[in-house]
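Trainee: Sequence:
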Amino acid sequence: MNIFIFSYLNETECAFAEINSRVRHLSSVFKEDMVRTKNCMKKSISNAVSYLRQKSTEFADFVKKTGTQTSERLKEYRSQKQKTVGEFKKEMENIVEKSKKIEREKESEENKRTQKKDSSESKENNAL
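Counting from 1, position 126 in the sequence shown corresponds to residue 126 in full-length UniProt numbering; the numbering is continuous, with no gaps.
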């Protein structure tokens, strides 16, 4: 019976040793996988950071370029607006001058008529 127990213990010990060996092997494989995964993630993160830096630089350049174009357009719009306002003022002044001129012409015609009327009346009065 002791032999049976010793052989059983020996088999159990061998089984535990084999299990322990497999666990160590799996542990080393797991560690290697973790290291590979970690390195892969580092590389992916590094690539992503590089990509984002590149895109942010491109975006900053785009914003700078667009901002410059926008400010130039705004300056052009303002100058055009002032030009338009100036032209509008000139047109309005011309219209006012023309209307005053027309009024003066009407008044002068009316004065001429009244003078003719007055002169013809005075001639009639003198003839009587």
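Hint data in this document are derived by calculation from the structure and do not stem from the laboratory.
By construction, the Cβ of each residue, glycine as well, lies at the ideal position given by its N, Cα and C atoms.
Hints are not guaranteed to be accurate.
For lysine-lysine, the following DSS-like pairs were computed, each having C-alpha atoms within a straight-line distance of at most 27 Å [as the list claims (entries may be wrong)]:
1. K117 with K106
2. K106 with K83
3. K75 with K65
4. K65 with K90
5. K98 with K75
6. K101 with K90
7. K116 with K90
8. K116 with K101
Pair by pair, the computed Cβ-Cβ distance ranges are [what the hints assert, rightly or not]:
9. M92 with T66: 36 to 42 Å
10. T37 with Q69: 34 to 40 Å
11. S119 with K89: 30 to 36 Å
12. S99 with V63: 48 to 54 Å
13. R104 with E72: 55 to 61 Å
14. F16 with N39: 47 to 53 Å
15. T68 with S46: 52 to 58 Å
16. S120 with G86: 38 to 44 Å
17. A60 with N39: 30 to 36 Å
18. K75 with M34: 56 to 62 Å
19. Q69 with K43: 37 to 43 Å
20. N47 with S79: 34 to 40 Å
Trainee: All hints are to be evaluated individually against the structure, with a verdict given for each.
Mentor: Right, here's what the structure says about each hint:
1. K117 with K106: holds, 16 Å
2. K106 with K83: violated, 34 Å
3. K75 with K65: holds, 15 Å
4. K65 with K90: With a Cα-Cα distance of about 37 Å, the restraint between K65 and K90 is violated, given a limit of 27 Å.
5. K98 with K75: It is violated: about 34 Å lies between the C-alpha atoms, which goes past 27 Å.
6. K101 with K90: Holds: K101 and K90 sit about 16 Å apart, inside 27 Å.
7. K116 with K90: It is violated: about 38 Å lies between the C-alpha atoms, which goes past 27 Å.
8. K116 with K101: Between K116 and K101 the Cα gap is close to 22 Å, so the pair holds against 27 Å.
9. M92 with T66: 36 to 42 Å: holds, 38 Å
10. T37 with Q69: 34 to 40 Å: Between T37 and Q69, where Cβ atoms are some 47 Å apart, the hint is violated.
11. S119 with K89: 30 to 36 Å: Given about 44 Å between the Cβ atoms, the range is violated.
12. S99 with V63: 48 to 54 Å: At 52 Å between Cβs, range holds.
13. R104 with E72: 55 to 61 Å: violated, 48 Å
14. F16 with N39: 47 to 53 Å: violated, 34 Å
15. T68 with S46: 52 to 58 Å: Given range 52 to 58 Å: violated, Cβ gap about 33 Å.
16. S120 with G86: 38 to 44 Å: About 51 Å separates the Cβ atoms of S120 and G86, which means 38 to 44 Å is violated.
17. A60 with N39: 30 to 36 Å: holds, 31 Å
18. K75 with M34: 56 to 62 Å: holds, 60 Å
19. Q69 with K43: 37 to 43 Å: holds, 39 Å
20. N47 with S79: 34 to 40 Å: violated, 48 Å
When the structure is compared with the earlier hints, violations turn up for hints 2, 4, 5, 7, 10, 11, 13, 14, 15, 16, 20 and for no others.
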